[in-house]
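Visitor: Same order as they appear, the protein sequences are chains L and S. Each residue of the first sequence is one higher than the last, beginning at -14 in our numbering. Each residue of the second sequence is one higher than the last, beginning at -14 in our numbering.
It is possible that some hints are incorrect.
Since the list can't tell identical chains apart, any single copy or any two copies may satisfy a pair.
Listed below are the simulated SDA-like cross-link pairs for lysine to any residue, each with C-alpha atoms no more than 20 Å apart in a straight line [stated by the list, open to error]:
#  : residue 1 : residue 2
1  : Lys75     : Ile47
2  : Lys238    : Arg228
3  : Lys185    : Ala79
4  : Lys185    : Asn234
5  : Lys229    : Asn(-7)
6  : Lys238    : Tyr200
7  : Lys48     : Ile25
8  : Lys182    : Pro78
9  : Lys1      : Trp231
10 : Lys1      : Glu213
11 : Lys163    : Leu(-8)
12 : Lys191    : Gln252
These are computed hints drawn from the structure, not numbers from a lab.
2 protein chains.
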Amino acid sequence: MNILVTLNSNYILPLKVMLWSLFFNNPNRYFHIYLMHSSISGEELDELQRYVAENGHELVEIKIHESYFEDAPLIMHYTKEMYYRLLAYKFLPANLDRILYLDPDILVINPIDELYNTDIDNYLYAAAYHDIPVKEINKIRLRAYDMEAYFNSGVLLMNLPLQRERINEEEIYAFVEKNRNRLIMPDQDILNALYCKEIKKLSEIKYNYDVRYYYYNKILSNGEINMEYIMCNTSILHFCGKRKPWQRNYSGKFHALYKHYEMLALQRRLKSQDIFSCSG
Amino acid sequence: MNILVTLNSNYILPLKVMLWSLFFNNPNRYFHIYLMHSSISGEELDELQRYVAENGHELVEIKIHESYFEDAPLIMHYTKEMYYRLLAYKFLPANLDRILYLDPDILVINPIDELYNTDIDNYLYAAAYHDIPVKEINKIRLRAYDMEAYFNSGVLLMNLPLQRERINEEEIYAFVEKNRNRLIMPDQDILNALYCKEIKKLSEIKYNYDVRYYYYNKILSNGEINMEYIMCNTSILHFCGKRKPWQRNYSGKFHALYKHYEMLALQRRLKSQDIFSCSG
């Protein structure tokens, strides 16, 4: 399976935790991790490459030269990395046909086969949208860009052949120029404004569970989406928002689980992909 | 390593979760699980034996005949099983020299080698005591029995040769007869009243962490015993109290972690003891 990550040095620890949880909960699968970056040092990269290899998988570097985005518009405090996941198709090997982008503030707690193999013929992407309870701010955005839905870009399955055909770099830059004063989360806003009609909707609960809204989801589902349900059905927990579980004063329903995975990720190497057999 | 568990049918699911967490977090160790019971059915036992074997370890049944405790005094709603962990030394193989008793409402999250190998020469047991924040009720008990400390009997390392020498079944029964109206948690009270001077004190934070008091412990330690500290230093989380994490309406700081392990315990078999190598 092909996984795409784009990040800078600040996210190396969370990336390791995310990757370890992905490997551990997807035994008998082999992963190619494509890391798009511009600023990670050679040493950090070597260490990360060793880390992935020692856990039985492969890390492929895709170094982006600063000069590539020379003419791309920049807004506010965002760096050119905001374009990486939108334009990844340009830098990935020409023979790849699909790849799953994952944010580093994610914990994978169940297999992702079904997600990875989602039928995305005729769609550029597959993604989940978080429509509760950030509804109000999303409504404002929906109106602003005349969109139908607001997708979260933290888990993004990509149809690379179709993207090579249909995505236009210049169109993206033009959109950013035109809307530079109203982009809040630039890459996510661009994705939604330009491509929301070509995004296949994924189950938010299964593949992009926003951990901030545990009680909200539980109440709204009349108790059905409780901890038991999540642990058996959710593949991807997403630690959205400003407060992150690797930070000192974090507190949240999935705090202990995250920190336990952090310990495992740093202390244990998976000797092979073949550590479990399925019960039942 | 020798592990002792004593339980009835109601605790088979939690037992599996506890054992799976023990196996998983103690790779490269082989466990003999001694199960003392009187009421588990043949079918349930077979299934449990298969479960332990499939995860790479051994379950040894120690069936206690109802008649054995015919003359032992019974109090309140407690069954004769209250004597099992105190008199286990009588039923275990004569060549065993140490065994670790574990309650089923436990999650093992780090290796237990150090605990298991604690020097207990000249002690009958090693145990932790929970002196915060149940201090007041403990003080009452301490006074009642003229004890020095109140140990929790959920994690109990046993010095079997010394127990065979010094523990007197009749003394235990006499104590129960005499105190039948003031025993609150009988086996734990007996242990403390009769043997507290011969119990080696273990670190509560490392080996018997009462999950109900996360914030209490954190504040009392000026933030030192936070989630990071627990995940790196605690080997045994103990879900003390009436509300249990496998019950539907449980809620607590370690809820997600417990339910994740429950899923793992039921869905994944550990193929070998040798799934990890140590990092670093």
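Visitor: Tell me the hint numbers this structure goes against, listed in increasing order.
Guide: 3, 4, 8 and 11
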